[in-house]
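Participant: Here the protein sequences line up with chains A and B, keeping their order.
Residue numbering for the first sequence follows the numbering used here, starting at 1 and increasing by one per position.
Residue numbering for the second sequence follows the numbering used here, starting at 1 and increasing by one per position.
Hint data in this document are derived by calculation from the structure and do not stem from the laboratory.
Keep in mind that a hint or two might mislead.
What the hints assert, rightly or not - Computed list of lysine-lysine pairs in DSS-like fashion (alpha-carbon distance at most 30 angstroms, straight line):
1. A:LYS153 - A:LYS87
2. A:LYS139 - A:LYS87
3. A:LYS210 - B:LYS87
4. A:LYS150 - A:LYS88
5. A:LYS274 - A:LYS242
6. B:LYS242 - B:LYS257
7. A:LYS388 - A:LYS257
8. A:LYS88 - B:LYS210
9. A:LYS210 - B:LYS88
10. B:LYS251 - B:LYS274
11. B:LYS210 - A:LYS87
12. B:LYS210 - B:LYS150
As the list claims (entries may be wrong) - Partner residues are not named here, just some residues of chain A that face chain B (Cβ under 7 angstroms, in silico):
13. ASP19
14. SER29
15. ALA35
16. GLY39
17. ARG47
18. SER50
19. GLY291
20. GLY292
21. ALA293
22. THR299
23. PRO302
24. ILE312
25. ALA316
26. ILE331
27. TYR334
28. ARG400
C-beta atoms are modelled at their ideal positions from N, C-alpha and C, and glycine is treated no differently.
There are 2 protein chains.
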Amino acid sequence: MLILTKLKIMRASIISIGDELLIGQVIDSNSAQIARALGELAIPVVRKWSVGDSSSEIAYALQQATACSELILMTGGLGPTRDDVTKKELAAFFNVSLHFSEENYNHLRSIFEARGLQLTDAHTTQCMIPSNALLLPNKVGTAMGLWMEKDAKIYVAMPGVPDEMMYILREELMPRIRHQKADLSCHHATLCTVGYGETDIALRIEPLLKDMPEYISIAYLPAISQVRLRLTGIHHDEQLLKNTLHAFTQKIREELKSMIYGEGDTNLALELGKILMERGLSLGTAESCTGGALAAKLTANPGSSDYFKSGIVSYATASKINLLGLDPSLIAEYGVVSAQVAEAMVRHAAQVMNVDRVIATTGIAGPSGGTEDIPVGTVFIAAGSAEKQVSRRLRLSRNRDRNIEAACMLSMELLRTQLIGN
Amino acid sequence: MLILTKLKIMRASIISIGDELLIGQVIDSNSAQIARALGELAIPVVRKWSVGDSSSEIAYALQQATACSELILMTGGLGPTRDDVTKKELAAFFNVSLHFSEENYNHLRSIFEARGLQLTDAHTTQCMIPSNALLLPNKVGTAMGLWMEKDAKIYVAMPGVPDEMMYILREELMPRIRHQKADLSCHHATLCTVGYGETDIALRIEPLLKDMPEYISIAYLPAISQVRLRLTGIHHDEQLLKNTLHAFTQKIREELKSMIYGEGDTNLALELGKILMERGLSLGTAESCTGGALAAKLTANPGSSDYFKSGIVSYATASKINLLGLDPSLIAEYGVVSAQVAEAMVRHAAQVMNVDRVIATTGIAGPSGGTEDIPVGTVFIAAGSAEKQVSRRLRLSRNRDRNIEAACMLSMELLRTQLIGN
Numbered sequence: 001m002l003i004l005t006k007l008k009i010m011r012a013s014i015i016s017i018g019d020e021l022l023i024g025q026v027i028d029s030n031s032a033q034i035a036r037a038l039g040e041l042a043i044p045v046v047r048k049w050s051v052g053d054s055s056s057e058i059a060y061a062l063q064q065a066t067a068c069s070e071l072i073l074m075t076g077g078l079g080p081t082r083d084d085v086t087k088k089e090l091a092a093f094f095n096v097s098l099h100f101s102e103e104n105y106n107h108l109r110s111i112f113e114a115r116g117l118q119l120t121d122a123h124t125t126q127c128m129i130p131s132n133a134l135l136l137p138n139k140v141g142t143a144m145g146l147w148m149e150k151d152a153k154i155y156v157a158m159p160g161v162p163d164e165m166m167y168i169l170r171e172e173l174m175p176r177i178r179h180q181k182a183d184l185s186c187h188h189a190t191l192c193t194v195g196y197g198e199t200d201i202a203l204r205i206e207p208l209l210k211d212m213p214e215y216i217s218i219a220y221l222p223a224i225s226q227v228r229l230r231l232t233g234i235h236h237d238e239q240l241l242k243n244t245l246h247a248f249t250q251k252i253r254e255e256l257k258s259m260i261y262g263e264g265d266t267n268l269a270l271e272l273g274k275i276l277m278e279r280g281l282s283l284g285t286a287e288s289c290t291g292g293a294l295a296a297k298l299t300a301n302p303g304s305s306d307y308f309k310s311g312i313v314s315y316a317t318a319s320k321i322n323l324l325g326l327d328p329s330l331i332a333e334y335g336v337v338s339a340q341v342a343e344a345m346v347r348h349a350a351q352v353m354n355v356d357r358v359i360a361t362t363g364i365a366g367p368s369g370g371t372e373d374i375p376v377g378t379v380f381i382a383a384g385s386a387e388k389q390v391s392r393r394l395r396l397s398r399n400r401d402r403n404i405e406a407a408c409m410l411s412m413e414l415l416r417t418q419l420i421g422n
Numbered sequence: 001m002l003i004l005t006k007l008k009i010m011r012a013s014i015i016s017i018g019d020e021l022l023i024g025q026v027i028d029s030n031s032a033q034i035a036r037a038l039g040e041l042a043i044p045v046v047r048k049w050s051v052g053d054s055s056s057e058i059a060y061a062l063q064q065a066t067a068c069s070e071l072i073l074m075t076g077g078l079g080p081t082r083d084d085v086t087k088k089e090l091a092a093f094f095n096v097s098l099h100f101s102e103e104n105y106n107h108l109r110s111i112f113e114a115r116g117l118q119l120t121d122a123h124t125t126q127c128m129i130p131s132n133a134l135l136l137p138n139k140v141g142t143a144m145g146l147w148m149e150k151d152a153k154i155y156v157a158m159p160g161v162p163d164e165m166m167y168i169l170r171e172e173l174m175p176r177i178r179h180q181k182a183d184l185s186c187h188h189a190t191l192c193t194v195g196y197g198e199t200d201i202a203l204r205i206e207p208l209l210k211d212m213p214e215y216i217s218i219a220y221l222p223a224i225s226q227v228r229l230r231l232t233g234i235h236h237d238e239q240l241l242k243n244t245l246h247a248f249t250q251k252i253r254e255e256l257k258s259m260i261y262g263e264g265d266t267n268l269a270l271e272l273g274k275i276l277m278e279r280g281l282s283l284g285t286a287e288s289c290t291g292g293a294l295a296a297k298l299t300a301n302p303g304s305s306d307y308f309k310s311g312i313v314s315y316a317t318a319s320k321i322n323l324l325g326l327d328p329s330l331i332a333e334y335g336v337v338s339a340q341v342a343e344a345m346v347r348h349a350a351q352v353m354n355v356d357r358v359i360a361t362t363g364i365a366g367p368s369g370g371t372e373d374i375p376v377g378t379v380f381i382a383a384g385s386a387e388k389q390v391s392r393r394l395r396l397s398r399n400r401d402r403n404i405e406a407a408c409m410l411s412m413e414l415l416r417t418q419l420i421g422n
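Okay, chain A solo, but in the shape it has when bound (with noise of 0.2 angstroms):
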């Protein structure tokens, strides 16, 4: 463990490296992860650069984030290859040079032993390092992080791999910034909503939240077919600030009641699970349009194997025939994009699979191959057990991604409102 100058922590940046986030290859995932780790410690986040791989673009983004933050954090630019400028100009901002690390070198050594790999020159580069800098260990990567510090402000570089990212974020870095942060408390609540838009909820809710004050703020966070509100308090006085807080997030609750699906960092799929879980239930889906992106969503979390237990994804006509067992005769009656067509999809997984309840999806997801009567969007969803099923027609968009997750999500919305029975 570090031996740290404690120094007051009120604002951090962060500042993003790399030619690929400035032409748009990758999406900076990283700076998401950090902020909401820095929310943890109520440390606000102030401002955010992505600039390329330059060495007077990250001369830039350090100038700037200093003049605005105590707390600078760094991602992307550390790795053996040829990208990197990112350890040349640290050196150059803190006036120091770059020095070989014997314990950067140990790292590689370790790593690449395990391997029973050889290290190379390019390798040995990586080990060059400012030499004010403490090193981050990396237990699941070759690039280790750096930890810098200049006029009462810390500087912390880490590599922009996500994993690698994320364990020097949450195993050494936290910890360290645990011990450092001011006293300003900062506390969010989420309410996650499905099935309706921004502006019908800012209707029903804003005339709850005349009286709000100053220094609780609400924002909109619209998904597909989701809308999450997040109030965010910053107080010195934690204990007013979580009343005042729980107070109004409580006067939503009263006001959206059921279309509120669950609270904080949660997913539909988990709190459908949760209400499964609850009865006793298994669950499987009977999935067409969706193409596997139903049962996905349901087993991405852990434990879900409690009461998820199969899938079928009759994608082609005739495997809705031959592995649901689907009469062709009710499909050449109805169309394969039809009500009664979702809901037989129900009632015979829940047969064939053994399951309490099943979620079917059948439509077009587009972007070509609608009709007149079934244009592209349309879809059909349907949920239930092998004796009841309820469906529901949706009227979707021309966007394939889009169509999907939205049915997905209402797909399992529907469920959601059969079981809490609304």
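Starting from the known structure of chain A, fit chain B onto it as the hints suggest.
Facilitator: Only chain B this time, still in chain A's reference frame:
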């Protein structure tokens, strides 16, 4: 169509606005999409900022962006709810007033009438726009884009909802910018590899790139079980640039051979699908630990129904017996996480689904559930036909999401290499 002043756009910058970006609740994918679109027009993005919903922060970003670019693209902060300060700050920046836009109002009214809904006061507030702004139509949502000019620079504000931003970007903004681009050409070449690490690849190709000219740069973009190599060139002589870029891309292709599964903006599922199509082969999946994610990847590409027919997610052991028809004694003998079971899943699924090829996965995605012999991260993947199967044991991590992704990628790769005969 707007009549545009012909401005010289050499560099662009992107400002994403929203508190949700700074607390990390939303990952900024918009700026990557914008950067890609500008890349097609050879307009480099030089910097990106993310700032909160605050006047002073937006003012800061506008000032910084103005200093380094001629085209400033903003997303976020437009919409009916109260977290919007963008329009007010834009008006202040341009030193103009906000005025009520009849055009914007008519746009909103037509959307609302089509849905049989009433416009509210919150919506009419949305129609107040800076008086120097031209509106960019939005056919997929309520918030229109804004185009503003000042001192021979262009400023564009778009909503933050990804679909709406994309619509305005692609349908309205790009055609307008296309007229204005500068004469410097920018070209990219991307080679997509699977199954090898960044360093392995660098060691093989760096010697080939010794004589690569300064105006071409290479970046290694690692993802889970994948590395994309991106060569970027910027030069006034477009033909020279294309020829040189092609020559170096060719050198790399000859060295890495079948490690490269595709080129440009593609994905492994799409490339595997092309091979299956060429050979007239149908495909199915039999998934355990990947829980539908493999089928979802395969069906995410439009047109996948030409080869993808069925999937079974046999999550519970019972469903491997009931749905796939595996012999319980095989499972008892080798265990459910074994090469024998993975291969049997392929064999049985090919018969049950009546498809030519099947990809199967069985393993322990984690984060818990392992044993000493079969620790978390152990996955067996198999691919082949009813007659012939190959399988492979993967030793992955303790991270569930990562393991699912890796098992999907490497199992698709197993079938791909089997098909192309490596």
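Participant: With reference to the structure, classify each hint as holding or not holding.
Facilitator: Structure-based check of each hint:
Distance hint between LYS153 of chain A and LYS87 of chain A is fulfilled; the C-alpha atoms sit about 18 angstroms from each other, no more than 30 angstroms. Straight-line distance between C-alpha atoms of LYS139 of chain A and LYS87 of chain A comes to about 20 angstroms, which keeps the hinted pair within the 30 angstroms bound. At most 30 angstroms may separate the alpha-carbon atoms for a hinted pair to count; LYS210 of chain A and LYS87 of chain B meet this at roughly 22 angstroms. In summary, the hint linking LYS150 of chain A to LYS88 of chain A is supported, as the alpha carbons are separated by about 16 angstroms, within the 30 angstroms threshold.
For the suggested pair LYS274 of chain A and LYS242 of chain A, the alpha carbons sit about 26 angstroms apart, so the restraint of at most 30 angstroms is met. Proposed proximity of LYS242 of chain B and LYS257 of chain B is supported: the alpha carbons are some 21 angstroms apart, at most 30 angstroms. Using a Cα cut-off of 30 angstroms, the hinted pair LYS388 of chain A and LYS257 of chain A holds, with the two alpha carbons roughly 25 angstroms apart. As the CA atoms of LYS88 of chain A and LYS210 of chain B are separated by approximately 21 angstroms, the hinted pair is consistent with the 30 angstroms bound.
For the hint linking LYS210 of chain A to LYS88 of chain B, the alpha-carbon distance of about 21 angstroms falls within 30 angstroms, and the restraint holds. The straight-line distance between the Cα atoms of LYS251 of chain B and LYS274 of chain B is roughly 24 angstroms, inside the 30 angstroms bound, and the hint therefore holds. A threshold of 30 angstroms between alpha carbons decides the hint, and for LYS210 of chain B with LYS87 of chain A the separation of about 22 angstroms falls inside it, so the pair holds. Straight-line distance between C-alpha atoms of LYS210 of chain B and LYS150 of chain B comes to about 45 angstroms, which puts the hinted pair past the 30 angstroms bound.
Satisfaction of the interface hint for ASP19 of chain A is found here, the shortest Cβ-Cβ separation to chain B being roughly 5 angstroms, below the 7 angstroms cut-off. The beta carbon of SER29 of chain A is positioned within 7 angstroms of a beta carbon in chain B (closest approach about 5 angstroms), and the interface hint is therefore held. Proximity of ALA35 of chain A to chain B holds as hinted, the smallest CB-CB distance being about 3 angstroms (cut-off 7 angstroms). With 7 angstroms as the threshold, the beta carbon of GLY39 of chain A comes within range of chain B, its nearest partner Cβ sitting at about 5 angstroms, so the hint holds.
With a cut of 7 angstroms, the hint placing ARG47 of chain A at the interface with chain B holds, because the nearest CB-to-CB distance is about 6 angstroms. Given hint, SER50 of chain A at the interface with chain B, holds; its Cβ is 4 angstroms from that chain's nearest Cβ, closer than 7 angstroms. With its C-beta approaching chain B no nearer than about 3 angstroms, GLY291 of chain A sits inside the 7 angstroms limit, and its interface hint holds. With a cut of 7 angstroms, the hint placing GLY292 of chain A at the interface with chain B holds, because the nearest CB-to-CB distance is about 3 angstroms.
Using the Cβ-Cβ criterion of 7 angstroms, the hint placing ALA293 of chain A at the interface with chain B is satisfied: the shortest such distance is roughly 4 angstroms. The beta carbon of THR299 of chain A is positioned within 7 angstroms of a beta carbon in chain B (closest approach about 3 angstroms), and the interface hint is therefore held. At about 6 angstroms, the closest approach between the beta carbon of PRO302 of chain A and any beta carbon in chain B falls short of 7 angstroms, and the interface hint on this residue holds. For ILE312 of chain A, the suggested interface contact is upheld, since its CB lies about 6 angstroms from the closest CB of chain B, less than 7 angstroms.
Restraint check, ALA316 of chain A versus chain B: the minimum CB separation of about 4 angstroms is within 7 angstroms; hint holds. With a cut of 7 angstroms, the hint placing ILE331 of chain A at the interface with chain B is violated, because the nearest CB-to-CB distance is about 15 angstroms. Interface hint at TYR334 of chain A: violated, since its Cβ lies 20 angstroms from the closest Cβ of chain B, which is beyond the 7 angstroms cut-off. A least Cβ separation of about 6 angstroms between ARG400 of chain A and chain B falls short of the 7 angstroms threshold, and the interface hint therefore holds.
Checked against the numbered hints above, the structure breaks hints 12, 26 and 27 and satisfies the rest.
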